[in-house]
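Student: In case you want the letters, here they are:
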Amino acid sequence: MFKDLFRTKPKYVTVRPQAVSIKQDTSAGLWQKCPQCMNLIYKKGLEKNYYVCEKCGFHFRIGVWERLRQVADEGSFEELHTHLASENPLDFPGYSDKLAQAQEKTGLDEALIIGQAAIQGNPCMLAIADFDFMAGSMGSVVGERVTRTFEAAIEEDLPVVIFSAGGGGARMQEGILSLMQMAKTSQAVERHNRAGLLYLSVLTNPTLGGVYASFASLGDILIAEPGALVGFAGPRIVEETTRQKLPNGFQTAEFAMEHGMIDKIVQRKDLRHTLGRILSLHGKGLVPSA
Amino acid sequence: MFKDLFRTKPKYVTVRPQAVSIKQDTSAGLWQKCPQCMNLIYKKGLEKNYYVCEKCGFHFRIGVWERLRQVADEGSFEELHTHLASENPLDFPGYSDKLAQAQEKTGLDEALIIGQAAIQGNPCMLAIADFDFMAGSMGSVVGERVTRTFEAAIEEDLPVVIFSAGGGGARMQEGILSLMQMAKTSQAVERHNRAGLLYLSVLTNPTLGGVYASFASLGDILIAEPGALVGFAGPRIVEETTRQKLPNGFQTAEFAMEHGMIDKIVQRKDLRHTLGRILSLHGKGLVPSA
Amino acid sequence: MRNGLFEWEKPLYELELRIAELQKFTTEEDMDLSREIATLEKKADYLRREIYQNLSAWQQVLLARHPKRPTTLEYIEMIFDDFIELHGDRCYRDDPAIVGGVATFEGIPVTVIGPQKGRDTKENIRRNFGLPHPEGYRKALRLMEQADKFSRPIVSLIDVVGAYPGIEAEERGQGNAIAECIRQMSFLRVPIVCVITGEGGSGGALAIGIGDHILMLEHAWYSVISPEMCAQILWKDSTRASDAAEALKLTAEDLIGLGAIDAIVPEPLGGAHKNHQEAGANLKAALRENLGALLKIPEDSLVEKRLARFRRLGQWREKAVVVSEHR
Amino acid sequence: MRNGLFEWEKPLYELELRIAELQKFTTEEDMDLSREIATLEKKADYLRREIYQNLSAWQQVLLARHPKRPTTLEYIEMIFDDFIELHGDRCYRDDPAIVGGVATFEGIPVTVIGPQKGRDTKENIRRNFGLPHPEGYRKALRLMEQADKFSRPIVSLIDVVGAYPGIEAEERGQGNAIAECIRQMSFLRVPIVCVITGEGGSGGALAIGIGDHILMLEHAWYSVISPEMCAQILWKDSTRASDAAEALKLTAEDLIGLGAIDAIVPEPLGGAHKNHQEAGANLKAALRENLGALLKIPEDSLVEKRLARFRRLGQWREKAVVVSEHR
Ligand SMILES: [Zn+2]
Ligand SMILES: [Zn+2]
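Chains as they are written, first to last, in the numbering used here: chain L, 7 to 296; chain U, 7 to 296; chain F, -2 to 324; chain W, -2 to 324.
Bear in mind the hints are in silico, worked out from the structure with no lab data behind them. Hints are supplied without guarantee of correctness; some may be wrong.
As the list claims (entries may be wrong) - What follows is a list of derived Cβ distance ranges for each label pair:
(1) W:Phe184 <-> F:Lys302: 48 to 54 angstroms
(2) L:Asp97 <-> F:Ala278: 34 to 40 angstroms
(3) U:Lys104 <-> W:Phe184: 33 to 39 angstroms
(4) F:Asp117 <-> U:Lys104: 52 to 58 angstroms
(5) F:Lys302 <-> L:Asp97: 29 to 35 angstroms
(6) W:Ile253 <-> U:Lys104: 55 to 61 angstroms
(7) F:Lys302 <-> W:Phe126: 51 to 57 angstroms
(8) L:Asn45 <-> W:Asp117: 31 to 37 angstroms
(9) W:Gly104 <-> F:Lys302: 43 to 49 angstroms
By construction, the Cβ of each residue, glycine as well, lies at the ideal position given by its N, Cα and C atoms.
This is chain L alone, in the form it adopts within the complex (with noise of 0.2 angstroms):
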């Protein structure tokens, strides 16, 4: 896109609240429908309450920009990667117009940020996926980044954290291509496990697919927030293979905490407090001296 092509480097780029998108949005006046307990709420406290519905809980979807102002700290996150561009490499039908709409959607390039940033004075390099982006899900591009993302913390001996939010799973409209970033992306994982870094996966609403079976599964520490649907297959394709009625829950963060598959489930107020926490009990600046 444009903006890339004559980039001054931006050391520290501002974050840019305007592009906060939540999702379910179905009215443009000062008030938004919870879709889970349908009453209506004020926009702007809703902005305050990090688009958490006050009176249920319910957590809205964000966008990457938001997210980054409500984890990140201000002024901290600095880019990277910004010139990759998707293309259509097996001529998939519709794939291209499907790329543009997203982006005119999201004003995103692709379905994931990377960059480096600080989180309550942890450096860290931190990824965050978009929904609204083709359903968050993994082309060559996305695995490339979050590839990079890690190659990125190796380098500069710094823990990962990433928001995943790839209900899409793998691309389908890459084909085989989008299949081979869950090998490569799990790849950089375990390199940078190696190094013996420590990499944070926060499981958002929702992911699922080929972004769960690779990287957002492998995190040292999964944490996922309220209510997010976590698994593999989706939960209509399971429903529809098997003819079984699903259990109540089934797939959200709150299952998959009880059938041992995450860490803990934190309130998207507590995340960048917890992130904090947990990325300084493992910052270097600890080791004793004995």
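Once you have looked at the hints, place chains U, F and W with the ligands on chain L.
Tutor: Okay, now just chains U, F and W with the ligands, sitting in the frame of chain L:
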């Protein structure tokens, strides 16, 4: 024991088939009743058939020398560390008498013999437990012998084959010292593992408690005899604790295999051949010249 | 499909019937029909090539699903000696949908693993139609890690529509099991040859598909998603699976171009199910060649090469970035 | 036991009641009873020592089971800062009977794990009375392996009657999970301090009991088998648990003599339940000392020392073997 004190060095001890002891022996006569199908079996035939009921496949318990006869190459066994004698470190009431009775009953000094042997031409360190000696339970001497088996195997660059029959688990009469044998033996297994050597664990009826929850379940490959009882808590304890009816076949080898806990169930008549094949597949002779 | 024959094979089948008839005449009635037979044979040869060398992507998918296609255990039987199957994940269950064990390949000890479809309805039910649960992947990983311990090469034979999308599979962490398998398999220090022998469906195939050399049988398919599901998602119409198959570029020939696989193993004309022995012999020859080549690579560089192989996969444009240093 | 008081504490309790009464008089009626009170206090002091320093093995077992004894999470709360609980075995279930996570101990990051009994009936049911399933041990091992990755010392707080002897626990490989935990914990390259804080029952305790330093609270017990089960097996009479407790040598003092533990952490007079804060402070002091000592040992020699520590455990006679070389 006296025989050990003035021991000529028998490079290869002859196998002592006269020490064969089959359990569930109810008659002193020519016929043996099968406790499973209740048929009367001609004892001579039973001996030829590896002490397995021809009618129903029931595997009678056998003593260490019969086991040796069935699996090891004739004349290949060199018994090691015969000179360890159990004490009564806790002054546990009645323990010394029980030891003496067990020695009397089995002709063994302890519940496990160890030595170097060959199985179908493949050299290995071999340990065999005898259920008739205090239910094959593990006290200090059994733990020490198992540990030395692995240490000798590391020294000699050999695989280990162990026949467990530790229905009594850790021997309570030696208290905490028995419990510590679980640690000691598991650590010896792992040292051997880290030396890149093979450990075949053969679970015979019954292998429970602290024996199962330490070295016996840590084999690279776990083999069990058909119908052998395999588990941690004995079935009576489980029944009493849970007050539930135990499922059919609970804790049998077949049950353990279905639940992913063992690799293979092997009929007694096939054991020598299967062990030989596996040992040979892991032998040094087969490394490709590239 | 009727009698194991596809619709598109019908003209050929009828021709073959007529040839057989004429041959019967020749013997029974003592008539010399050799010229007529030769003509028809020639025509059949032509038709055979015409049909089998111009299969559409969807036809290849159907062929890869032929119920008489050799299964993993049949390939193992044909190719390896002294196979000893090993069981269990040491955690929850032995998954019959994935088999594995140790064997020798021309005298060399190897570990071989792979999903196993049933050869009849009863076996299919027992093996869940070859759709693995997480414990299947955990078993496969356990056996592969043992191969690593004993410096045994690994052969992974892949024929799986996908990991089972069931309630219990999700409960026991299907996604996590697949991710762990991919991760750990990538770093094993022994040579790994993967072969897509039939179907290579998505993460369920990739989980055991991380190899140094990745081969594919001529009529196998390998894709990020099954054509049916792709059509369902894209066009809300699973009957357009044929279009999806085309679009997904899932045939061996497509995939070699995209760098996802390294070589194609030829099948008997008409598919592996037409001649199991020949299919087995072809695969054996390919394994001989590929294992031989891998065994020559020093252990130290094997993992790095493997990682590099996957590192470069993907396609994107790297746009020029002009960095002006003024502030 | 009534009102959290043991039978053998009754004389002391009555004395304490009388002292309290006299003190009440002193204030309410403005009478000087200080001499009488002093006499009784002296008597009470004597009685206290008499009772609590001469507890039988069985009394110690009962004391270690006192329902108000501090639980693992309470110790964590008192001793560590910034505890973040982590969950799950990544395979089947998060077992509430074992807790674990990361925290700091006087500024040093550590991993802390331990079985957790319920503090009331409801919590006891949820936590299965602190009796772990295999997934509990698998979770503990996962967290300890992470400690190893990040070079964090491990503190294992042990209070468990035993691994749960249930049908599902057996199905999911209780024995295997314990053995793996023992095996892997033995080879972790970070300092490990284990503390038997209450009950140390058999393999279920040993599974997370492989440490460089193994401490034990004054009134805790640690044994190869519970006294009740031992009595049941030996004498078919579980009411003889008291005799079994004696015979098993399961008190801290016995065990230090047998080399199974390294040090005893003093409890408040009468047991940890009498004064949680004091119990916590004592344990904290012991951890400070022991972690401090271990952090000075070079990482390379830590595992070897740990293995040597267990290697020598056991007691046997090594008989002279005269080998005559004639044949
Ligand atoms: Zn709401
Ligand atoms: Zn019988």
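Student: Does each hint fit the structure? Answer for all of them.
Tutor: Taking the hints in turn, this is what the structure says about them:
1. W:Phe184 <-> F:Lys302: 48 to 54 angstroms: 30 angstroms, violated
2. L:Asp97 <-> F:Ala278: 34 to 40 angstroms: Between Asp97 of chain L and Ala278 of chain F, where Cβ atoms are some 37 angstroms apart, the hint holds.
3. U:Lys104 <-> W:Phe184: 33 to 39 angstroms: Distance hint for Lys104 of chain U, Phe184 of chain W holds at roughly 35 angstroms.
4. F:Asp117 <-> U:Lys104: 52 to 58 angstroms: At 56 angstroms between Cβs, range holds.
5. F:Lys302 <-> L:Asp97: 29 to 35 angstroms: 31 angstroms, holds
6. W:Ile253 <-> U:Lys104: 55 to 61 angstroms: 27 angstroms, violated
7. F:Lys302 <-> W:Phe126: 51 to 57 angstroms: This hint holds: roughly 53 angstroms between Cβ atoms.
8. L:Asn45 <-> W:Asp117: 31 to 37 angstroms: 35 angstroms, holds
9. W:Gly104 <-> F:Lys302: 43 to 49 angstroms: 44 angstroms, holds
Of the numbered hints stated above, those contradicted by the structure are hints 1 and 6, listed in ascending order.
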